[in-house]
Amino acid sequence: MIKIQKKNFNLEEEIEKIKNKHSDIGALTSFVGYVRDLNNNKDVKYLNLEVYEEMAFKELSKIENNTIKKWGLIDTLIIHRYGKLIVNEKIVLVCCFSQHRKNSFEACEFIMDYLKKDAPFWKNEFYYKDNEWLENSSYRF
Amino acid sequence: MIKIQKKNFNLEEEIEKIKNKHSDIGALTSFVGYVRDLNNNKDVKYLNLEVYEEMAFKELSKIENNTIKKWGLIDTLIIHRYGKLIVNEKIVLVCCFSQHRKNSFEACEFIMDYLKKDAPFWKNEFYYKDNEWLENSSYRF
Amino acid sequence: MRIRYFAWIKDITNKEDEIIDINHPKTIQELKKYLEHLYPGLKKHFLQDVLRFAVNQEYVSENLNLKPIDEVAIFPPVSGG
Amino acid sequence: MRIRYFAWIKDITNKEDEIIDINHPKTIQELKKYLEHLYPGLKKHFLQDVLRFAVNQEYVSENLNLKPIDEVAIFPPVSGG
Chain D
60 MIKIQKKNFN
70 LEEEIEKIKN
80 KHSDIGALTS
90 FVGYVRDLNN
100 NKDVKYLNLE
110 VYEEMAFKEL
120 SKIENNTIKK
130 WGLIDTLIIH
140 RYGKLIVNEK
150 IVLVCCFSQH
160 RKNSFEACEF
170 IMDYLKKDAP
180 FWKNEFYYKD
190 NEWLENSSYR
200 F
Chain Y
60 MIKIQKKNFN
70 LEEEIEKIKN
80 KHSDIGALTS
90 FVGYVRDLNN
100 NKDVKYLNLE
110 VYEEMAFKEL
120 SKIENNTIKK
130 WGLIDTLIIH
140 RYGKLIVNEK
150 IVLVCCFSQH
160 RKNSFEACEF
170 IMDYLKKDAP
180 FWKNEFYYKD
190 NEWLENSSYR
200 F
Chain U
1275 MRIRYFAWIK
1285 DITNKEDEII
1295 DINHPKTIQE
1305 LKKYLEHLYP
1315 GLKKHFLQDV
1325 LRFAVNQEYV
1335 SENLNLKPID
1345 EVAIFPPVSG
1355 G
Chain G
1275 MRIRYFAWIK
1285 DITNKEDEII
1295 DINHPKTIQE
1305 LKKYLEHLYP
1315 GLKKHFLQDV
1325 LRFAVNQEYV
1335 SENLNLKPID
1345 EVAIFPPVSG
1355 G
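Residue numbers (the numbering used here), protein chains in the order written: chain D, 60 to 200; chain Y, 60 to 200; chain U, 1275 to 1355; chain G, 1275 to 1355.
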């Protein structure tokens, strides 16, 4: 399941909604990304996160389907927020549900790598005096 | 932080308690283990999870300290339940908080591997007709 | 053909999107030529080859044939997650 | 010396723990001999070398010297997580 939304989310509620559908899940690996107080050695006030929403859905669906197939997952959940996000707020959640842990770990890292590389989101990071558009480093590819 | 407890836990609450202490966290990888409905090709009713509590604290503290040091984590959280756990219930939560995602993924998998190998917990799995003490396979070591 | 701009590309074009409907460019290469002319500030970024192009919400190579009904998006490297 | 048993070891010993206070065994090896005698059902598991030993809540090798105040635990391979 893919959700692209402005509002915050509750980890317990979002995860239980998926978990409750399947009794064969033994393992869940999840990743949460947060807005950090310091980046590029500057104090961050907030992010303005822009999204190309129609394309983000398509790209994340593609990544999700490839991952489910490659690792035989039972289910996945990706939530990505956009808009104004203040320091300490959650930005993204990726969950990989599977029978065994090894698959779920590998799959979750795989989704995050491709999300960082291809999903059309852009962070405009606001400091106390100026702002800067970020770019994900692609050293892992 | 290590918690060994009978009662269930709320992912959002437990994670926020740690997250709120640190504004430099950018990444959280977490793992949740659940009781599956099927194991060894038998329908599972519930687990009785036994613990050697004093030793589990010592072992998990050792694993936690090694992991924080090895991967430069900001914080960790391990919750492991014991007692009667019914199908679909959470058994374990491991959280690795760090600045960047790669460290948190590797650290979380590392903790799970060592927890599975060394932490003194034993699952007595109850099926419809009989029961069986499980042993973690150690193929990864 | 609808062209959409994201992130700091919008600061150069001063708009989020626009419609190009007469003599539409036939390839991304032709579109780049056309936009360089309209927005000289884009030229150096095209030359550095840092921007990414999507047609109908899919990443594309520059040789793809463009159709009048296509939605083309131009954006810098992403930074989600 | 307090000996603690976990998981299915308890089904063999029929108890969770016990105190051995006279002529206490000086090593894990001696303790195994002593317990084999007390609980014949343990012998085959000792021979298969599948059980694990902890002294004062730390995994140990068999050569460690045991002291009267030690807590020794005997248990099968773990299955937490």
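Be aware that a few hints might be false.
In the DSS-like style, the derived pairs of lysine-lysine whose C-alpha atoms are separated by at most 25 Å in a straight line are [unchecked claim]:
# : chain 1 : residue 1 : chain 2 : residue 2
1 : Y       : K101      : D       : K80
2 : D       : K161      : Y       : K121
3 : G       : K1341     : Y       : K188
Hints were generated in silico from the structure; no laboratory data involved.
Against the structure, the hints come out as follows:
In summary, the hint linking K101/Y to K80/D is supported, as the alpha carbons are separated by about 20 Å, within the 25 Å threshold. Annotation: proposed proximity of K161/D to K121/Y holds, straight-line Cα distance about 22 Å (limit 25 Å). Between K1341/G and K188/Y the alpha-carbon distance is near 44 Å, which puts this suggested pair outside the 25 Å criterion.
When each numbered hint is compared with the structure, a violation occurs for hint 3 only.
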